[in-house]
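Peer 1: Got chain A sorted already, so can you dock chain B onto it with the hints?
Residue strings, one per chain:
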Amino acid sequence: MQNHLGDDAILLVEGELTGERRMRAEAHLRECVQCADEVRLLRSTHARLNRAWPLEHVFPDLVKKRLAARLQERRTREPGGLRNAVVAAALLLAAGTGGFLLGRRNAPGRADAEDPRPAFALLLEEPEWPPQRPLARAGYAEWSRDLIAAGRSTGQGRKLTDESGWRVHRDGSVARPELGPCAINYSGWYLIRAANYDEAIDWVRRGPHLRFGSVLVRQLE
Amino acid sequence: MNDASPAHRSGKGAQVDDALALVRAAHQREPGAVERLLEHYGPRVFACAMRMTEDAAAAEEITHDVFLALIRTAPRFRGDASPATWLHRATMNRCRDHLRTRRRSRTVGLNTVHHAIAGELRSDLRVQNRERDDILAAAVAQLPDDLREVVILRFGAGLSYDEIAALMHSPKGSVASRLHRAVRRLGELLRTRGVERETI
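Taken in sequence, the protein lines are chains A and B.
The letter at position 71 of the first sequence is residue 71 when you use the numbering used here, and the numbering goes up by one with no holes.
The letter at position 25 of the second sequence is residue 25 when you use the numbering used here, and the numbering goes up by one with no holes.
Possibly wrong hints are sitting among the right ones.
[To be verified] List of simulated lysine to aspartate or glutamate pairs, EDC-like, C-alpha gap at most 16 angstroms: (1) 65/A x 39/B; (2) 65/A x 162/B; (3) 172/B x 188/B; (4) 65/A x 146/B; (5) 64/A x 35/B; (6) 65/A x 60/B; (7) 172/B x 162/B; (8) 172/B x 199/A; (9) 64/A x 39/B; (10) 64/A x 61/B.
Think of the hints as simulated: they come from the structure by calculation, not from any bench.
Predicted model, so just to flag it, every value in this text is computed and none were measured.
One chain only, chain A, in its complex shape:
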């Protein structure tokens, strides 16, 4: 299709052509059937494009709110995003499969004492013994930060010593638990706050340890 107007044709349709250029273009269209047809085609297609893609319908509120929530959560997790650095230490001693003793090295911090959610101990089990620097493996530091940023943890995870500790039996006697391939070996623990077991387990699944071993989750009183 012949077009004597060149790109002025689309500028005319778009309303971008002004002054003398516009007047010349409009005068030409009155005399040239082919250019008039070209401009009619452009106008028709232009109108269709404008009607087909109305901006106000493309960005639903639901998507906007979801994006805002994700962006804010992500920024909170990044350096400088923590508003409080509440550190409360709890010492967890565990041995074997019979259970564990809970002790506190420090008094709980204010946030910990006021948090109504139950506390859960996450005991990191190791299939091989001894593990090499278990909490220094990839993913643990980031997961710890995520827990703190989400308000689920009041402190970092702690590594247990490489010896087996002691099991205190019900009669008061003590014995060394056995370590090795047939026993359950714990390398470390985390103490978190969660609404229930489901949430605590969900956090475990999001963490790095399942690549290395299982995790025992126990609610604390």
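Peer 2: Same frame as chain A, now just chain B:
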């Protein structure tokens, strides 16, 4: 940081300063800043990503990524490019990456797009427009990349000629030329499919 004196600040310059202030507020985690940023730039960014990828989930991910990147890089903004230009350029780059990795056919339909906006459109409008939009979308998908992008930026994201020119590092005349070729080719494609002309 833009240190231009008030005498040098044109309307456009003042707009860029306001935009930069908003981005910095979001960077500093001021309450409500992220929402305002999304309110201001989100529709066009999302629309652009949606039209480019024809995939609502991908469009949402791309929108999230570019806003996150914008907020993070706020301290390094010099004020010579507006956040809008930066956002759209980043969006187009990510869309191109997405399309490259997806290796999708050009004739994909609008099903995912309609799914995403179905909840917002009146049902009668949706029914009326669906068939027509599908044909148009298929025609847009057939355009060469450079023409398709300019159509999406102009009609999908609502960018001005100046904004598209800044984004593509092209003079305004080149943008007009591409748009002319694109709209003409679309018109011819629609005509060959027997689609009736819109009544103007």
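Peer 1: Hints broken by the structure, by number, lowest first?
Peer 2: 2, 3, 4, 8
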